[in-house]
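Participant: So you can see what is in the structure, the chains are spelled out below.
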Amino acid sequence: MTALSAFAAALTAPDRRPPPEFAGRAERRFAVYRNNVMVGLIRALETRFPVLVSLLGEEFFRAMAREFTRAHPPSSPVLMSFGDELPDFIGGFEPAEEMPYLADVARIEIARTRAYHAADVPRLGTDAYSELTPSNFEAMLIDLHPAVAVIHSHHPIWTILAMASGWQPAAAIEDWQPQAVLVNRPDLDVLVRPLTTGAALFLEALGAGRPLGIAATEVAQDVPDFDLPAALATLIGDGLATRIHVFGGDLP
Amino acid sequence: MTTKNTLAAATFAGSLAAALGMVAAASASPVAPQPNMDKCYGVSMAGQNDCAAGAGTTCAGTSKVNYDAKAWKYVAKGTCETIKTPKGMGHLKAM
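In order, the protein sequence lines correspond to chains G and C.
Residues 1 to 252, numbered by the UniProt record's numbering, are exactly what the first sequence covers, in order.
Residues 1 to 95, numbered by the UniProt record's numbering, are exactly what the second sequence covers, in order.
Everything labelled a hint here was simulated from the structure, so no lab data went into it.
Ideal placement from N, C-alpha and C gives every residue a C-beta, glycine not left out.
Among these hints, one or two may not hold up.
The following label-pair restraints were derived from C-beta to C-beta distances [what the hints assert, rightly or not]:
#, chain 1, residue 1, chain 2, residue 2, range
1, G, Val-246, C, Ala-10, 13 to 23 Å
2, C, Ala-18, G, Arg-193, 19 to 29 Å
3, C, Ala-24, G, Asp-222, 27 to 37 Å
One side of the interface only, derived from the structure: several residues of chain C facing chain G at Cβ under 7 Å [said to hold, decoys possible]:
#, residue
4, Leu-7
5, Ala-9
6, Phe-12
7, Ser-15
8, Leu-16
9, Ala-18
10, Ala-19
11, Leu-20
12, Met-22
13, Val-23
14, Ala-25
15, Ala-26
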């Protein structure tokens with residue numbers, strides 16, 4: 001290990017021991033440096049997870065972020081991916097166990113960052129769908145835009161997100177139902193909006209490579225009130241697709 | 001591949017036509033303009049790593065070197081306390 005890599009490793013080491021070269025008088029100075037690295041990383045997490053900060057409060061969030069950073073220091077100098085493991089970390093974080101919805105809220109915030117930085121692939125407009133011939137829906141594959149993500153939860157995450165973001169007043173959630181959201185970046189701004197369970201499963205199936213007709217059939221079997229026209233209207237109207245093709249090639 | 005219980009192509013085509021109708025109806029109404037933002041790749045957190053040193057000081061946050069990692073445990077002061085749920089989640093009490 002070089003002196004530089006030993007120095008770097010000591011900065012985020014859980015046992016907080018300075019490298020031997022910094023023993024003695026330099027130890028306190030090293031501690032200041034290490035603390036500033038930690039504070040900087042916590043600030044980066046605050047920037048990426050503003051809804052969690054709102055839900056937990058600054059003090060709780062910062063303390064949790066500190067524990068997280070010790071367990072999962074950044075693996076890349078590019079900070080936009082730092083915190084990708086936070087949802088799973090929260091799921092096992094004992095002080096937050098009273099709020100089991102936090103991990104899914106964190107997943108929405110991760111999807112937002114990814115959507116923001118996703119490639120600007122051209123989206124299919126309405127014309128691409130009105131030209132489809134009704135013969136081969138069961139072989140038709142849809143490529144979703146890289147900015148598109150679906151997150152669904154056992155908890156009412158849309159309502160929680162909207163209340164924590166100030167989009168609707170915070171209040172008692174009487175009807176504790178599973179909810180799903182769509183993350184997308186139609187132009188330059190990332191948008192989050194609620195999805196029905198059926199639409200969420202349908203879009204996820206398309207994203208996983210299930211053909212259009214098969215995905216529709218499967219979701220209709222699982223979700224009794226699945227509204228296929230509404231789900232297709234979301235797919236088409238929100239411009240979620242970049243390409244329609246069949247097994248082995250483009251449409252003729 | 002088996003094709004048990006699949007939607008008839010005509011049913012799917014009907015849904016697609018209905019969806020196109022819904023999209024056309026939605027786009028006929030005016031869309032609220034989105035605020036413009038400059039898009040900047042890979043640097044959205046630039047500055048977060050910097051030491052916020054003022055004149056003649058050491059760095060911001062230095063006083064937290066001896067932060068007590070456990071004292072915060074019962075002090076979630078965010079909106080989770082105001083979002084009350086029938087299951088009692090979100091109420092963080094001092095124990």
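Participant: Hints first: check each against the structure and report whether it holds.
Facilitator: Now for the hints, and whether the structure bears them out:
| no. | hint | verdict |
| --- | --- | --- |
| 1 | Val-246/G x Ala-10/C: 13 to 23 Å | holds (19 Å) |
| 2 | Ala-18/C x Arg-193/G: 19 to 29 Å | holds (21 Å) |
| 3 | Ala-24/C x Asp-222/G: 27 to 37 Å | holds (29 Å) |
| 4 | Leu-7 | holds (5 Å) |
| 5 | Ala-9 | holds (5 Å) |
| 6 | Phe-12 | holds (5 Å) |
| 7 | Ser-15 | holds (4 Å) |
| 8 | Leu-16 | holds (6 Å) |
| 9 | Ala-18 | holds (4 Å) |
| 10 | Ala-19 | holds (3 Å) |
| 11 | Leu-20 | holds (6 Å) |
| 12 | Met-22 | holds (4 Å) |
| 13 | Val-23 | holds (4 Å) |
| 14 | Ala-25 | violated (9 Å) |
| 15 | Ala-26 | holds (6 Å) |
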